[in-house]
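A.B. asks: Protein chains in written order, with the working numbering: chain P, 31 to 143; chain D, 31 to 143; chain G, 31 to 143; chain S, 127 to 524; chain E, 127 to 524; chain L, 127 to 524.
Hints listed in this document are in silico derivations from the structure and should not be mistaken for laboratory results.
Please note that a few of the clues may not be correct.
Said to hold, decoys possible - Label pairs and their computed distance ranges (CB to CB):
1. P/Lys96 with D/Glu136: 33 to 43 Å
2. G/Lys70 with D/Thr113: 22 to 32 Å
3. D/Leu51 with G/Lys115: 19 to 29 Å
As the list claims (entries may be wrong) - Sample of chain S residues with no beta-carbon within 12 Å of chain D, all distances over it, derived:
4. Phe191
5. Asp376
6. Thr454
7. Glu519
Using N, Cα and C, we set each Cβ at its ideal position, and we do this for glycine too.
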Amino acid sequence: MKQITAVIKPFKLDDVKDALLEIDVSGMSVSEIKGHGRQKGHTELYRGAEYNVDFVPKTSLATVVKEDQVDAVIQAIIKAASTGKIGDGKIFVTNVERVVRIRTGEEDADALS
Amino acid sequence: MKQITAVIKPFKLDDVKDALLEIDVSGMSVSEIKGHGRQKGHTELYRGAEYNVDFVPKTSLATVVKEDQVDAVIQAIIKAASTGKIGDGKIFVTNVERVVRIRTGEEDADALS
Amino acid sequence: MKQITAVIKPFKLDDVKDALLEIDVSGMSVSEIKGHGRQKGHTELYRGAEYNVDFVPKTSLATVVKEDQVDAVIQAIIKAASTGKIGDGKIFVTNVERVVRIRTGEEDADALS
Amino acid sequence: MDVFFLTLGAAMVLAMHAGFAFLEVGTVRKKNQVNALIRVITDFGFSTIAYFFVGFAVAYDINFFAPVAELNVLAGGEHGYKMVHFFFLLTFAAAIPAIISGGITERVRFWPNVVATVVLVGLIYPFFEGMIWNGNYGFQAWLGASFGASFHDFAGSVVVHAMGGFLALGAVLTLGPRLERYSKTGAVNAILPSNIPFLALGSWVLCVGWFGFNVMSAGTAEAASGLVAMNSLLAMVGGLIAALIAGKNDPGFVHNGALAGLVAVCAGSDIMHPVGALFVGVVAGAVFVWGFTFMQNKLKIDDVLGVVPLHCVCGAWGGIAAGIFGTTALGGAGGVTFMAQLVGTLTGVGIAVVGGFVVYRAIKAMLGIRLSEEDEHMGADLAIHQISAYPEEDMQTH
Amino acid sequence: MDVFFLTLGAAMVLAMHAGFAFLEVGTVRKKNQVNALIRVITDFGFSTIAYFFVGFAVAYDINFFAPVAELNVLAGGEHGYKMVHFFFLLTFAAAIPAIISGGITERVRFWPNVVATVVLVGLIYPFFEGMIWNGNYGFQAWLGASFGASFHDFAGSVVVHAMGGFLALGAVLTLGPRLERYSKTGAVNAILPSNIPFLALGSWVLCVGWFGFNVMSAGTAEAASGLVAMNSLLAMVGGLIAALIAGKNDPGFVHNGALAGLVAVCAGSDIMHPVGALFVGVVAGAVFVWGFTFMQNKLKIDDVLGVVPLHCVCGAWGGIAAGIFGTTALGGAGGVTFMAQLVGTLTGVGIAVVGGFVVYRAIKAMLGIRLSEEDEHMGADLAIHQISAYPEEDMQTH
Amino acid sequence: MDVFFLTLGAAMVLAMHAGFAFLEVGTVRKKNQVNALIRVITDFGFSTIAYFFVGFAVAYDINFFAPVAELNVLAGGEHGYKMVHFFFLLTFAAAIPAIISGGITERVRFWPNVVATVVLVGLIYPFFEGMIWNGNYGFQAWLGASFGASFHDFAGSVVVHAMGGFLALGAVLTLGPRLERYSKTGAVNAILPSNIPFLALGSWVLCVGWFGFNVMSAGTAEAASGLVAMNSLLAMVGGLIAALIAGKNDPGFVHNGALAGLVAVCAGSDIMHPVGALFVGVVAGAVFVWGFTFMQNKLKIDDVLGVVPLHCVCGAWGGIAAGIFGTTALGGAGGVTFMAQLVGTLTGVGIAVVGGFVVYRAIKAMLGIRLSEEDEHMGADLAIHQISAYPEEDMQTH
Ligand SMILES: Nc1ncnc2c1ncn2[C@@H]1O[C@H](COP(=O)(O)OP(=O)(O)O)[C@@H](O)[C@H]1O
Ligand SMILES: Nc1ncnc2c1ncn2[C@@H]1O[C@H](COP(=O)(O)OP(=O)(O)O)[C@@H](O)[C@H]1O
Ligand SMILES: Nc1ncnc2c1ncn2[C@@H]1O[C@H](COP(=O)(O)OP(=O)(O)O)[C@@H](O)[C@H]1O
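Same shape as in the complex, but just chain P (with noise of 0.2 Å):
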């Protein structure tokens, strides 16, 4: 199995969510963070000094699929969660050795919701 971590726009995940959904993808597991890259964070100003915040807010999105869903999975991604705007983010794919439910016990792709 591998995990496909994407790292979006935060106002995107509604849009991703549905299109994995789409292609029978539903369990995920998401979480706030905040990303460095080319997109430039702001400026606040407070009472005449000047303080750079340098990370934006994305959205990590985790989901671990079996290895003939990464393709459909990565093209969902992309096609939900483009802007083509820079900071649209990034898609990195992991190897999984072993999944396990923790209700269950079930191991691996019976694991897999």
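Guided by the hints, dock chains D, G, S, E and L with the ligands onto chain P, whose structure is given.
C.D. replies: Here is chains D, G, S, E and L with the ligands on its own, set in the frame of chain P:
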């Protein structure tokens, strides 16, 4: 070394932590995430309009351990985190190639506390 | 490509970020986590009852780089994040099989900014 | 003595502006909280300037430009009663932009909004205020002659609330809905409030301050009436209970329902029977809930806080209800007629609707009234004030 | 004039209800904040209805059903003084459910709680109130004849606070502790407050409003006494300092300690010497801290905000203390006897304990009083109000 | 009657202390919020004790140790007017530590700060207060003889604000900047406010309460002056608008700018012309912004809330401005001279500067005044109070 990542119900964190301490796994990192899976979210109603909250709060716990501990850790987590209800979560095992302790520069097994 | 994940003390983030920028690693993703390890948590007291807060706030920083950069990144992080006190954190290296830039569809080395 | 009386009234209504601010802060998204706060206090500032230099003279033909020695504040004079009366009435006048603010928030530009505030508080509001409360232009006399009584609006259901609410209608329609509020297919999208406790805090401050608004409208301590206090209380309670039930326990509805009752009771609080006031409040609370839902979901008017159903609908209902429940037939104190109330209310509504459209369209044409898409997306806080509501959280280091 | 006086008192005590709300919001978990807010304002609403239609008549045999012309509000009458008196006393009556609310929060069902409110404010509270403050049933006369003085409770240490607190005892015991508050092995588990600033805000609002509660209990501006103000101040300060020290700098204790002092000073604030009041406050603050710890950790009574130690214990102490520090022997103004205070206090306590158990057991039996386990786990906000306190955060998209 | 009047004034100024607390809570980092809250309420507590037992006697030679029967509170007496006067003046005295608190927050130790509070409120402040407001030591008589008028400080621009602000200067310099506020290379580092809505809430509460501070300084209801209310209003508005513009829409500046105007208007609010008051407020608002920026970034004085520019600079400006805009030449009521105002102001400033340095250096030498580095890093909440501001969030389990 292997990283074991468990997505669990938030209120089970204390039990899982204690279970890991008992088998001498004392290093772990925890973050709040939102999950999507078989467990349903809920619907909120504000001033007459309905909004679906599709993600449920989960806690993600990651611990990096030596290979021979993996099974024990998985068993401990299953035992501590399981309630038998949908949404108990999943455990993922991935490979970690190198570990370094920042304070001392120690590597791999030595770096795991 | 390799993903380097560093768990560090939150107030060291700026230094680590700057150290990475200096060696031309400009893409990274950061999240707030809570850690458990040798560093102790603290005890709170509310209205006469004690509560142990077992986890300490940490920051997790992840950056995906080409293999040949790994050592430099690890050195840079150690230098910037170390205070010599317990709780400085750990660095984990894992393998990343594929990287895609959402905006352009570029893959792997090209996708890393 | 009366200086003391009105000072407290003014302080209480001044506090209501903090209430407006927090009602708005709690309802908008986090990225617009700072802007809500600054807009409310700035509006209050410019309202004071406009009413001091222009508005008060428009309404009552009084100004304060003579040296202190001639302003009746020294021993032997009346201790500057007129000045504190100015202060008291200013806090009403300044409620106009505060009401509108809740409708146009999250997308309005800063300085054009200030311009609108100055025009409304300096000219349009005092024009109608003077007509009703100072007998200007013979309107009240004409009503009295035509319908047997002049228009009775004790504490401003129409003069302040319907006026503010209908001015807001023009503003809201001129601005249009927030980005992504309604999708192209017509679906209503979730834009959820950020902070219910702040919303509730704002509502509480408004409720408490309202007793200054209503009771101190008597003008002198001697004239203060327990009936006004009791009627305000019962209408508030009626409003909140009705909104609780009609709104299915929704916190936004309950806390605004209390205000709906208070809006509606202003006009006739000195003449209605308490049971009548309770009834007026119940109707206001329920109507607010239905009106809000109808406007948002059917008419697709994106009035963020619901100031139109709250202030116009309940305000107009209050103006008319005074002509029903204020009559002796229904146990009231009498001295009002239904027709005078109806005509008076409609006149106010007419002035406000026209005034609102003219002012906001003109500002839109001349200055632009709406934030750029990019700024709206980023949030008014960063766009206008270069800071967010919780700056410490924005910086990663702690 | 007196209408003005009491209106302000009523407004200040009305504000205290916002204080109750925020004290509770800050203390409960996030998932119950909305419910705390709505419960407090709703309780106020139904209290008004119950006291208007029933309670005030029970206590003082006064109602307001006659037409306005007969209600003494018009020129020549007394400006509706009785109405504002109703308003003032209602804000006291409504404190009963507000006090109880803090004990039963996070697990009580919504509508059964409303039923309790109506019964308590419509019947039980006014029964005792009338007995003490209106001389009903000859109780005060009997005390005077038996012990040389009637029961002196100037601003309600016993009539309001001990009553509310002991009613809460029945409620809290009927409900039982929150899920997981005490583990099977008897250990006390952490259920931590969500928001200390809100808790402190609530406390400040209560402190400030309390000066309306106490000073305006004089009833007329002419009778207002600087001694009451000063004694309230010193008891408040004594309470907060004692709680600071006994409570080891704990924010919950400090901010409630000020209230403990104020609860205790109500009864004798018009007759005690300031130094006596300071002492009464010090005792109240310290006793509150110990009482709270004892109840929570030893007796295992899960009274969330600590309303029992705060209102019953300090209230009863206040009732009795008036009979000690109010005597001329200790520099007070006299006119009280220890025995009358003791008997009066115990009578109030008795009525409250019995009343509380009967009402809550009856409601439990007939309607059910506690949320289902599932709802309690999910939180009252989502279970009852279908919304959380910070809805924007719940939606991932921003 | 006057008891009623002053009670309300005192309650309003008491509320201002909640305002001080929230202004500070909003400005400090999350890890110091609880400490800010507790420090403000504790300072109020110990101020009361110090002023009751010592300070009031120092300033006015009055104490309250006689039995109640002799304290003029009973029928026929003056209802304890002096007691409520004490209460009112105490709320002013207690403003001294509340002002200082904002400068020294986030690093001051708890009990040494209480010691400073007791010394300042028990001795130093009442020394100057009595000199100005009670004619002690013949200072006012000497000014009158020398400069044609005594020093006029109606509501305390100098007696309270400049005094508090300059005492704070000594405290802030004694403590030194927060860790990492200025880097070794001299750069200014970001220490951002945690919560702008709380900051704004504090400012609103202060603004509203200020009308009690100023108007009730008349002492009796009969003497209350509409001019004071109007001037306070216009100075507040002038301050906020000037700070909005000079501060480029910054929320911290706007909300403190209103306070700057109010600080400056206290002294001459009873004699200046409204337009003069507006001008005084505008200057105060702008000067606050520049002074703050200058002190923080150029002088590198880490005065967290900016209490020095707010209270000293604007306070001193207010004392002097009363001698300019209070004259009949500029439309004021007269009775003041520029020189008397200047000398009076400088005397206050001198006493405060010296007093502040002496007291805080002495405490530093004897008790230590600053948290350990480790405690400061961890935050005062955990270090001193063993709890954070949002404890539920600290525990992972929900
Ligand atoms: N090398 C990297 N390792 C980890 N995360 C990265 C890396 N590069 C970028 N990211 C994440 O992707 C986000 C978007 O990257 P950015 O360079 O701003 O735009 P784009 O993806 O359009 O090139 C960043 O904010 C960061 O969270
Ligand atoms: N394929 C997946 N990839 C990543 N995370 C997943 C995946 N499936 C489930 N999860 C995580 O596990 C949580 C529990 O899964 P769910 O399907 O609700 O229940 P169960 O684990 O009992 O089958 C989800 O909320 C989500 O956070
Ligand atoms: N085995 C582990 N797996 C995952 N994270 C770990 C592990 N051990 C430590 N950590 C993380 O590293 C942080 C620092 O570890 P700690 O033992 O406190 O200090 P040090 O790194 O100096 O030995 C912990 O708070 C935790 O977040």
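A.B. asks: Run every hint past the structure and note whether it holds.
C.D. replies: Structure-based check of all given hints:
no.: 1; hint: P/Lys96 with D/Glu136: 33 to 43 Å; result: 37 Å, holds
no.: 2; hint: G/Lys70 with D/Thr113: 22 to 32 Å; result: 30 Å, holds
no.: 3; hint: D/Leu51 with G/Lys115: 19 to 29 Å; result: 22 Å, holds
no.: 4; hint: Phe191; result: 47 Å, holds
no.: 5; hint: Asp376; result: 6 Å, violated
no.: 6; hint: Thr454; result: 39 Å, holds
no.: 7; hint: Glu519; result: 15 Å, holds
Violated hint: 5 only; the structure is consistent with all others.
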